[in-house]
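Novice: Just need the whole structure built from these sequences, with the hints factored in.
Residues per chain, in single letters:
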Amino acid sequence: MTASKLASRSTLFTLLAGLLLVVLIGWRIAMLGDYTFARIVQDFLNALTLGSLYALIALGYTMVYGIIRLINFAHGEIFMLGSYFAFYAMTLTPMHWGLALLITVLLGGTVLLVLRSLFNLEEPKRTAALALLIFAGTFFLLAFRNMGWIEALLLSMLATGVAGVLLEAVAYRPLRGAPRESMLITAIAASFFLQNMGQLLFGPRVQGFNAETILNRPLNFTIGEETVYYTGILIVVPTVTAVLLFVLNLFVSRTKLGKAMRATAQDAEVAQMMGVNVNQVIALTFFIGSILAAAAGVMYAIRFGQIHPLMGLIPGIKAFTAAVIGGIGSLPGAVLGGLLLGFIEIYVVSLFPTLSAYKDVFAFVLLILILLFRPSGLVGEDLTEKV
Amino acid sequence: MRNTLLTLATVGLAILGLYLLTQAEGSSGLLSALTLIFIWGIAAVSLNLINGQLGILSLGHHGFMLIGGYVTALLMLPEKERAPFRTRLLSDWARNHLDLDKWLRGAGLDFIANSIDLKFVVALFLAGLAAAVVGVIVGAPSLRLKGDYLAIVTFGFGEIIRLLPNAPEVAALTNGPLGIKGIPGDAGTVWWTFFAFLFVLWFLTRLKFSSYGRAFEGIREDEIAAEAMGVNLAYHKVLAFTISAFFAGVAGGLYASYLQSVDTQTFNFFVTFFLLVAISLGGLGSITGAVLGTAIVVLVRIYGGFLEKPYPAYVGYLGGAVVMLSAFAFSAYIRKARRLRPVVETKHLIFGALGVALLLVTVLFRNEPWMTQTVQFFGLRKILLAVILILIMIYRREGIMGRAEFSWKLIFGPREDIPTEEQRKQDAWLSNPDLNPDAAKKEDDDASA
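Residue numbers (our numbering), protein chains in the order written: chain A, 1 to 387; chain B, 1001 to 1449.
Hints are supplied without guarantee of correctness; some may be wrong.
Short derived list, chain A residues pointing at chain B, Cβ under 10 angstroms [as the list claims (entries may be wrong)]:
#	residue
1	170
2	175
3	179
4	360
5	365
Which chain A residues face chain B? A few, computed with CB under 10 angstroms, are given here [claimed, not checked]:
#	residue
6	65
7	71
8	88
9	171
10	180
11	182
12	192
13	313
14	321
15	358
16	368
17	371
18	372
For the record, the hints were derived by calculation from the structure and aren't laboratory data. Think of the CB as a built atom: it goes at the ideal place given N, C-alpha and C, for glycine as much as any other residue.
Specialist: Quick look at the structure:
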């Protein structure tokens, strides 16, 4: 069978499946008498929030897979780290100036070193300005006032990005060129390492994550005679996600480093021959993926109000499923897949309340079905292995 | 002949040793360690069949073990334990259909039904069979995939299987997340597990050196070449997967009997990870290695308990310093062994500096309250296992044994790596152009080429 025939057949398959889904949902809504428009809107808001979070995490999976063909099992733990960094940033500040200075030197130094190696900062003036900004900013944030969620989000994104780069440098870089199975095993080991390290350092308890009350104050508006309830975070999450996606898109499509990333994803060897520093690009990929995961982690923690060291597992798996649905390796695919998964999860539970016990099984089933029947995902290109 | 005798003698010695150990006083800790080694050994050797010999990364082993555990539990549960939860929903069906005693008596096999040991053999076999059936169901579609996609699909199946007993529909049978308690512990003793382990070892060794085993290894080395040589890929893959699932089910049944309880947390993904560490440590593809790795990993898990005891905080700081300094030394050692210059890299100096800093902090603040308070490092053993696995993957991917197997020839046979006197003479003759005209001619050829 030729490739085009295959493609058209699978497109047809997707279309049919989508049509079936729409019919099924319509039928179910008609069956449930009390499923009003307000509930649809309510679910839509929840689904959009959840889907945005999945999309942010899924981007990390898909970027790493696109560049080094590695399923980064530890990505869920990076997400967890992000929320914990923000948690400590918000609860421990303002801290004693000596401690703040120590942390500033350690954290700022690492961040600066990593940023310098990632973004080719060679010009001394700019580097010095950046260093000043980072050191002064970190010290100011840590020592003088209680951090709000926005500062915590930014600081956590930076710290988590660095953590991702370190993870890559310590665990994955020595395995460059090793069999892919070995890399996957290492990723699983890294995931277990971070989970248990998290339990050791942060304590195994569930901790409450209290952001500003403005984010969680219940608000509502009415549609007809029904009331739709929402909170600030339901607005914040899609907005932040959209902004981050916009910036990411600009970065990947417009900058030189973004171009290098695309080239490496297409063919790492040839990119290297063309003068792309592949190691730098890979580290950069981990940095960006971890930044997005940290943003998702912080907002997830605000949305659900609690964090614990194993919180990365289920969202990690679901985001991976989202990346696969969209076609792993494709950025728009990851966003699409994340949103889709969020919508499916919320609406399935809402339309079929009896299925809510299977919420977590559902992601796995979807993952398996997609991998078995359409491994290239919805918008991904075909990744058949050649001889 | 000699080798068979040696093997039999070793088994005999092992049995004698075990007997003496069971008679000795205060040996219960060691015995339970051995039992666990045998149980996990069965699981590891069976995982090694897929991951090592067939060369396919499968991450769903905990699912098959869970099926074995639940089937054994349901079949072996004594009458009084059955009632509380089986009566809820599926009562009549379960009482009529999941009763091993009734089946056996119905088939006229009363003598088995009357002996709990023989009943266990049947139950374990059925547990393996159930796992194998699921193995076929899982394997047949997913083995079409390759590499990490296959790994993810098997992981997904494993997790689905693990989450299913919690489903409300079957909770009447499986007791939901609470699990089943009160399974007879008879099969979880050291004798049972020892003989089961011996049988599995025997079976899988025979399999490895049969035509099937060679077909598996052919698939691992090169699928296309293997197919060209007439190996039916799909058949052999599913076969290996099924056999592996069967023994995983048996291991799960034994483990359930050892713990005398089973729930969905007993067989979580950590089980597969644990086995993965074991077989990677021993050497993927080597049965000997799998057993060796399992022994090490299980011993770490049992006797590493002291790592998670409560200590004053400075022990932790000192431990951290030691870890940092040894990481520094280790990296320098590796670079030296690989003849890389400079031996001490700048970024590795960070480890050394951190180690020294921690040491200094410990010494300077040794009397501070936050230094003398009691702390406990939960999960240190799991961290240790993860670190071991990462280090193996980076520095020694072939593990301890590589793909080599233990054999008597290795110990008693002539050493093949040192040439005998005769071979030495022959080599000298071959390479001496005065004595051997061919050698002179060959040198000319080399020179002209």
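Novice: Hint by hint, say whether it matches the structure.
Specialist: To see whether the hints hold, each was checked on the structure:
| no. | hint | in the structure |
| --- | --- | --- |
| 1 | 170 | holds, 8 angstroms |
| 2 | 175 | holds, 6 angstroms |
| 3 | 179 | holds, 8 angstroms |
| 4 | 360 | holds, 6 angstroms |
| 5 | 365 | holds, 7 angstroms |
| 6 | 65 | holds, 9 angstroms |
| 7 | 71 | holds, 5 angstroms |
| 8 | 88 | violated, 17 angstroms |
| 9 | 171 | holds, 6 angstroms |
| 10 | 180 | holds, 6 angstroms |
| 11 | 182 | holds, 5 angstroms |
| 12 | 192 | holds, 4 angstroms |
| 13 | 313 | holds, 9 angstroms |
| 14 | 321 | holds, 9 angstroms |
| 15 | 358 | holds, 7 angstroms |
| 16 | 368 | holds, 5 angstroms |
| 17 | 371 | holds, 5 angstroms |
| 18 | 372 | holds, 6 angstroms |
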